[in-house]
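Each chain, written out:
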Amino acid sequence: MTGTLRGTRTVIGAVGLVLGLYGVVRLLGLGWGNLLATVPWLAGVVVVHDGLLAPVVVLVGVAAARVLPTWGRRAALLVLVVLGPLTLLAVPVLGRFGAKADNPTLLDRPYAAGWAAVVAVVLVAAAAVAVHDRREGAPRG
Amino acid sequence: MSGTRFTDSLTSLLDRAPTPEDFTSPARSPQLTARVGTWLGVCFLVAFLTGVWSHLAQLPNPLVPLPTRPIWLYRVTQGVHVAAGTAAVPLLLVKLWSVFPQLFRRPPTPTRARLLDAVERLSILVLVSSASFQLVTGLANSAQWYPWSFSFRSTHFALGWVAMGSLLVHVAVKLPVIRSAWLGPEVAPVPGAVSRRTILRATWAAAGVAVVTSAASGVPGVRRLSALAPRSGTGPGNVPVNKSAAAAGVTTAAADPGFTLAVSRGGVHRQLTRADLESMPQTTATLPIACVEGWSATGTWTGVRITELMALVDAPTGSAVLVESLQRGGASSRSRMPGNVAADPQAILALTLDGERLSLDHGYPCRIIAPNRPGALQTKWVNRIEVQA
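Sequence lines, in order, name chains D and A. Position one of the first sequence corresponds to residue 2 (the working numbering), numbered consecutively onward. Position one of the second sequence corresponds to residue 134 (the working numbering), numbered consecutively onward.
Incorrect hints may have been included.
Listed below are several chain D residues computed to face chain A (Cβ distance under 7 Å; list not exhaustive) [claimed, not checked]:
{"id": "1", "residue": "R10"}
{"id": "2", "residue": "N35"}
{"id": "3", "residue": "A38"}
{"id": "4", "residue": "W42"}
{"id": "5", "residue": "V46"}
{"id": "6", "residue": "R75"}
{"id": "7", "residue": "P86"}
{"id": "8", "residue": "P93"}
{"id": "9", "residue": "V94"}
{"id": "10", "residue": "T106"}
{"id": "11", "residue": "D109"}
The following label-pair restraints were derived from C-beta to C-beta distances [to be verified]:
{"id": "12", "chain 1": "A", "residue 1": "T152", "chain 2": "D", "residue 2": "A126", "range": "29 to 39 Å"}
{"id": "13", "chain 1": "D", "residue 1": "L6", "chain 2": "A", "residue 2": "T419", "range": "50 to 60 Å"}
{"id": "14", "chain 1": "A", "residue 1": "P200", "chain 2": "D", "residue 2": "A126", "range": "39 to 49 Å"}
{"id": "15", "chain 1": "D", "residue 1": "R136", "chain 2": "A", "residue 2": "R356", "range": "36 to 46 Å"}
{"id": "16", "chain 1": "D", "residue 1": "R136", "chain 2": "A", "residue 2": "L248", "range": "49 to 59 Å"}
It should be emphasised that the hints constitute simulated quantities derived from the structure, not laboratory data. Because the structure is a prediction, the values reported are computed rather than measured. Even for Gly, the Cβ is constructed at its ideal location relative to N, Cα and C.
If we strip away everything but chain D, and leave its shape as in the complex, we get (with noise of 0.2 Å):
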């Protein structure tokens, strides 16, 4: 079994390793410019989450687990786990940064409204979390 193991995770390492090289190769291919203009981005997606937003969601966990009754966790978790990464998805088309003056079939919502709406949506189904978690007394988790 072990042997088994090994064998599959020395095959599935070296597809990887190969699949990853290809790639850097196509990067490379497309000239140092386009290398130039890439690599702050690469770098830049993880200095901002893992300097910034990761920091944050820990400093706003434990101040959660510090200042939140136990009956309002799960509620508290189903707000953050759903809202923080919906809103990140949001920005492109709540700040209409690719709008075109010529083309009104782009971006052609009320984003803000529409973001709102789904916050609305999603704190009141918390909200009948936590109702339900304080009503069951006991800490569910």
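Following the hints, put chain A in place on chain D, whose structure we already have.
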């Protein structure tokens, strides 16, 4: 500051950095990470495969001709591509949260172990960087936002291979952990802490809400719920416009009454006005425009079959066709129809959409529409069709 003092202060700074033990949340566990990670891996695999398919579909001269049936295939694969990437955003964020303390683990002392640790960290850096890059750039592209100067299509494609490759390396490294997390004995939940089940349910809910609100605008019925989709499906003939005539710089040339379409093969040339095209046998086809940005919309198009135009210059069936637009420059200013596409009875040079004269933004005087291909190849404002030998 002397070298020693600098090293000393650096060492004390590093000593004060948090260690994995400082992160006390009992909600993090290999069982949670493996479950979210597995579904995240599935999303990336689906996005990778549909991405490679989309790349092949856009090649002007594919090694193997891609089928023209089913007509909705590309529409579905590209919609799934964007949906998988959208679902991956909450999954990636929860996954990274669940392993964040590992970022602060100290390297082991033995040289060999230290080296292996460094290699694994490097592979994870490549994975996190390329995976996040793919999601960020893909998302911005779907809203036509380009805050960068690299070429989106070719860079997104190259890094798709890097992300898939480093993901497989990561799976190979972690396979024993993944295996025991899925198959091992159930771990007793910590009283008072948020349970794994709660986090997983919230994560699946987040992925579902993200897909429905941002990436499902091509699905009839769900469209109304896509409050955050870059396009709601409005446009002339209920088909959105990717690039307007003004943006393509063709407004004057396309509206010119003296417009003619050149059809040629070798030394044989024909010039056709729009009236000439209207007097030829007309074919109607209900076909989707499926954009690489993920949106798609069905239209009822009427116009002249490509095979009818080829017959004007005595071209044999099965010949490939080069299509040129009034648009000068830009990736969509020309396209090639492989022989099997040009021969398809539903491959047409459209003159109307939903019974109305084609709008300027949809490609007036005439545009290409053919089944099962990316919208970028459905060339608009066509003024030249050349049959290749």
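Do the hints match the structure? See the list:
This hint holds: R10(D) has a C-beta 5 Å from the nearest C-beta of chain A, less than the 7 Å allowed. The beta carbon of N35(D) comes within 5 Å of a beta carbon in chain A, closer than 7 Å, and the hint placing it at the interface holds. This hint holds: A38(D) has a C-beta 4 Å from the nearest C-beta of chain A, less than the 7 Å allowed. Taken as an interface hint, W42(D) checks out: its beta carbon lies about 6 Å from the nearest beta carbon of chain A, inside 7 Å.
Residue-level restraint check for V46(D) holds (minimum Cβ-Cβ distance to chain A is 4 Å; threshold 7 Å). Evaluation of the R75(D) hint against chain A yields a held restraint, the C-beta minimum of about 5 Å falling below 7 Å. Evaluation of the P86(D) hint against chain A yields a held restraint, the C-beta minimum of about 4 Å falling below 7 Å. The criterion of a C-beta within 7 Å of any C-beta in chain A is met by P93(D), whose closest approach is roughly 4 Å, and the hint holds.
Residue-level restraint check for V94(D) holds (minimum Cβ-Cβ distance to chain A is 5 Å; threshold 7 Å). Annotation: interface hint on T106(D) holds; nearest CB of chain A at approximately 4 Å, less than 7 Å. Interface hint status for D109(D): upheld, as the beta-carbon distance to the closest one in chain A is roughly 5 Å, under 7 Å. Under the hint 29 to 39 Å, the C-beta atoms of T152(A) and A126(D), about 37 Å apart, fit the expected range.
As the Cβ distance of L6(D) to T419(A) is approximately 52 Å, the hint placing it in 50 to 60 Å holds. Between P200(A) and A126(D) the Cβ separation comes to about 44 Å, which falls inside the hinted range of 39 to 49 Å. Distance hint for R136(D) and R356(A): a CB-CB separation of about 38 Å, consistent with the stated range 36 to 46 Å. In this structure, R136(D) and L248(A) meet the distance hint of 49 to 59 Å, their C-beta atoms being roughly 56 Å apart.
The structure fails none of the hints (numbered hints given earlier).
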